[in-house]
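Participant: Sequence:
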Amino acid sequence: MSYICDNSKLKTMIYKQLKKNFMGHCALAAILLASLTGCQKVALEESGYEEPTSQEGAFTILFDVGNSLQTNFSNAEAEDAESRAVTRSTPISELCDHINLMVYQDGTKVKQVNSVSTDNNFGKLSVSLNPGSYEYVILAHSCQGNPSANDIQKISFPDNKVTDTFHTYGKLTVDGSSTQNIVMDRVVAMVRFVINDVIPDNVAKMEFYYTGGSSTINGMTGYGCVNSRQTETRIVTDDMRPGKGVFEIYTIPHTDEETIKLTVKALDSEDAIIKETVLEDVPVKRNQITIERGNFFGGTSSSGESGDQGFELVTDDEWSNVEFTY
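Quick note: the sequence shown uses the working numbering, first residue 1356, plus one each step.
In case anyone wonders, no lab produced these hints; they're calculated from the structure. Heads up, the beta-carbon is just placed ideally off N, CA and C, and yes, glycines get one too. There could be a bad hint or two in this list.
[Said to hold, decoys possible] EDC-like cross-link-like pairs, simulated, lysine to aspartate or glutamate; straight-line CA separation at most 20 Å: (1) Lys1526 - Asp1611; (2) Lys1616 - Asp1594; (3) Lys1516 - Glu1603; (4) Lys1479 - Asp1461; (5) Lys1630 - Glu1587; (6) Lys1640 - Asp1556; (7) Lys1630 - Glu1562; (8) Lys1526 - Asp1556; (9) Lys1616 - Asp1636; (10) Lys1616 - Glu1603; (11) Lys1620 - Glu1631; (12) Lys1560 - Asp1530; (13) Lys1560 - Glu1631; (14) Lys1479 - Asp1452; (15) Lys1479 - Asp1552; (16) Lys1509 - Glu1603; (17) Lys1560 - Asp1474; (18) Lys1620 - Glu1635; (19) Lys1526 - Glu1490; (20) Lys1599 - Asp1611; (21) Lys1560 - Asp1626; (22) Lys1599 - Asp1552; (23) Lys1620 - Glu1562; (24) Lys1516 - Asp1461; (25) Lys1464 - Glu1490; (26) Lys1599 - Asp1636; (27) Lys1640 - Asp1519; (28) Lys1640 - Asp1611.
[Said to hold, decoys possible] Simulated restraints on C-beta separations: (29) Ala1627 - Val1471: 44 to 54 Å; (30) Ser1472 - Gln1508: 40 to 50 Å; (31) Thr1592 - Lys1509: 28 to 38 Å; (32) Ala1627 - Thr1445: 16 to 26 Å; (33) Glu1625 - Ser1448: 54 to 64 Å; (34) Pro1597 - Gln1508: 41 to 51 Å; (35) Val1633 - Gly1487: 20 to 30 Å; (36) Ala1559 - Pro1513: 58 to 68 Å.
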């Protein structure tokens, strides 16, 4: 008895089965995709400048952040930007290397545009929006990455790190294409810690741990909204050792009358503590530098300056300064 294999029939059967399986997988994928996109607004994240599109029903809105118009906070309550006392106008590219635009509608983020200083047209952010009412937040900073901004009232920066940061919030009714000329305000406080005396050779870095400020911002108010515990580490370089070592840290105040508790540690290369001090009630305010200056290691400075207590208030057109001796 012999058996004959009909190759043509076998090939036809295999082809039909494969086609059936393929169509089934495509249908399943379509169902899954529809379920993911049909029940929520999709927040689009884009990078850089968006050229005007021909999308039906949408309009192009250009946000021009070419300059940061740094305002005097004593008149910051003015309703319109033109009536505020502008103290300095600086190209944003000289202050920050990241700009983020977040657009919200009915409490939901619908667009986020991220731009870095190497992009063409840095400082010009463009989005296409359908007619309607929106809110927007723009942040300029130098963090390593983009903020998490799904909640307009709780926007956090990568790794909870804070740099010199500028902010604006606004409302927008879209009924045609337009250009928004943006005025941004500095929303951070800086503490500048100055070590007058000689830094020992075994000190590899300085650690700053502080509570009372915030590393998360309310996008509507521009103030801090979380009680953060912030830690910053700064490497000690050889040019700092003879004296006048300068270290700067930032926080976002919750109000314009606030203090932080600052713990400063000098560490060796193995993170062992060489010297530690705690500064209570260090005042911080938006757009203000608080300078803490003194002989941290208990020695004398290279210039022979003493560490006597003192208070001085100095202002200029860039930051206001409050200086203390620790």
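Participant: Look at each hint and say if it fits the structure.
Facilitator: The hints, checked one at a time:
Between the alpha carbons of lysine 1526 and aspartate 1611 the distance comes to roughly 24 Å, so the proposed pair goes past 20 Å and is violated. For the proposed pair lysine 1616 and aspartate 1594, the alpha carbon gap of about 28 Å is over 20 Å, so the pair is violated. A C-alpha spacing of about 13 Å is found between lysine 1516 and glutamate 1603, which places the hinted pair at or below 20 Å, so the restraint holds. Distance hint between lysine 1479 and aspartate 1461 is unfulfilled; the C-alpha atoms sit about 25 Å from each other, more than 20 Å.
In summary, the hint linking lysine 1630 to glutamate 1587 is supported, as the alpha carbons are separated by about 16 Å, within the 20 Å threshold. Between lysine 1640 and aspartate 1556, the direct Cα distance comes to roughly 34 Å. Violation of the 20 Å bound is thereby established for this hinted pair. With a CA separation close to 11 Å, the supplied pair lysine 1630 and glutamate 1562 stays within the 20 Å bound. Restraint check for lysine 1526 and aspartate 1556: the C-alpha separation of about 54 Å exceeds 20 Å, so the hint is violated.
As the CA atoms of lysine 1616 and aspartate 1636 are separated by approximately 6 Å, the hinted pair is consistent with the 20 Å bound. For the proposed pair lysine 1616 and glutamate 1603, the alpha carbon gap of about 15 Å is at most 20 Å, so the pair holds. At roughly 4 Å between alpha-carbon atoms, lysine 1620 and glutamate 1631 fall within 20 Å of each other, so this suggested pair holds. Of the pairs offered as hints, the one joining lysine 1560 and aspartate 1530 is violated, with about 55 Å between alpha carbons and a cut-off of 20 Å exceeded.
Distance check on the hinted pair: lysine 1560 and glutamate 1631 sit about 12 Å apart at the alpha-carbon level, within 20 Å; holds. A C-alpha spacing of about 13 Å is found between lysine 1479 and aspartate 1452, which places the hinted pair at or below 20 Å, so the restraint holds. Between lysine 1479 and aspartate 1552, the direct Cα distance comes to roughly 46 Å. Violation of the 20 Å bound is thereby established for this hinted pair. Taking the CA atoms of lysine 1509 and glutamate 1603, the gap is near 25 Å; set against the 20 Å cutoff, the hint is violated.
Distance check on the hinted pair: lysine 1560 and aspartate 1474 sit about 34 Å apart at the alpha-carbon level, beyond 20 Å; violated. Straight-line distance between C-alpha atoms of lysine 1620 and glutamate 1635 comes to about 15 Å, which keeps the hinted pair within the 20 Å bound. For the hint linking lysine 1526 to glutamate 1490, the alpha-carbon distance of about 4 Å falls within 20 Å, and the restraint holds. With a CA separation close to 29 Å, the supplied pair lysine 1599 and aspartate 1611 exceeds the 20 Å bound.
A hinted pair counts as satisfied when its Cα atoms are at most 20 Å apart, and lysine 1560 with aspartate 1626 qualifies at roughly 8 Å. A distance of roughly 7 Å separates the Cα atoms of lysine 1599 and aspartate 1552; the hinted pair therefore holds under the 20 Å criterion. For the hint linking lysine 1620 to glutamate 1562, the alpha-carbon distance of about 5 Å falls within 20 Å, and the restraint holds. With a CA separation close to 29 Å, the supplied pair lysine 1516 and aspartate 1461 exceeds the 20 Å bound.
At roughly 9 Å between alpha-carbon atoms, lysine 1464 and glutamate 1490 fall within 20 Å of each other, so this suggested pair holds. Straight-line distance between C-alpha atoms of lysine 1599 and aspartate 1636 comes to about 23 Å, which puts the hinted pair past the 20 Å bound. Distance restraint check for lysine 1640 and aspartate 1519: the Cα-Cα separation of roughly 13 Å lies within the 20 Å cut-off, and the hinted pair is therefore satisfied. For the given pair, lysine 1640 sits about 5 Å from aspartate 1611 by alpha-carbon distance, which is consistent with the 20 Å threshold.
Checked against the hint of 44 to 54 Å, the pair alanine 1627 and valine 1471 fails, with Cβ atoms roughly 38 Å apart. A hinted range of 40 to 50 Å is violated for the C-beta pair serine 1472 and glutamine 1508, which are about 28 Å apart. For threonine 1592 and lysine 1509, the hinted distance range of 28 to 38 Å is satisfied, since their beta carbons lie about 36 Å from each other. At about 42 Å, the beta-carbon gap between alanine 1627 and threonine 1445 misses the expected band of 16 to 26 Å.
Checked against the hint of 54 to 64 Å, the pair glutamate 1625 and serine 1448 fails, with Cβ atoms roughly 40 Å apart. Distance hint for proline 1597 and glutamine 1508: a CB-CB separation of about 47 Å, consistent with the stated range 41 to 51 Å. Checked against the hint of 20 to 30 Å, the C-beta distance between valine 1633 and glycine 1487 comes to roughly 52 Å, which is inconsistent with it. Roughly 25 Å separates the CB atoms of alanine 1559 and proline 1513, a value that falls outside the hinted 58 to 68 Å.
Of the hints listed earlier, those the structure fails to meet are numbers 1, 2, 4, 6, 8, 12, 15, 16, 17, 20, 24, 26, 29, 30, 32, 33, 35, 36, in rising order.
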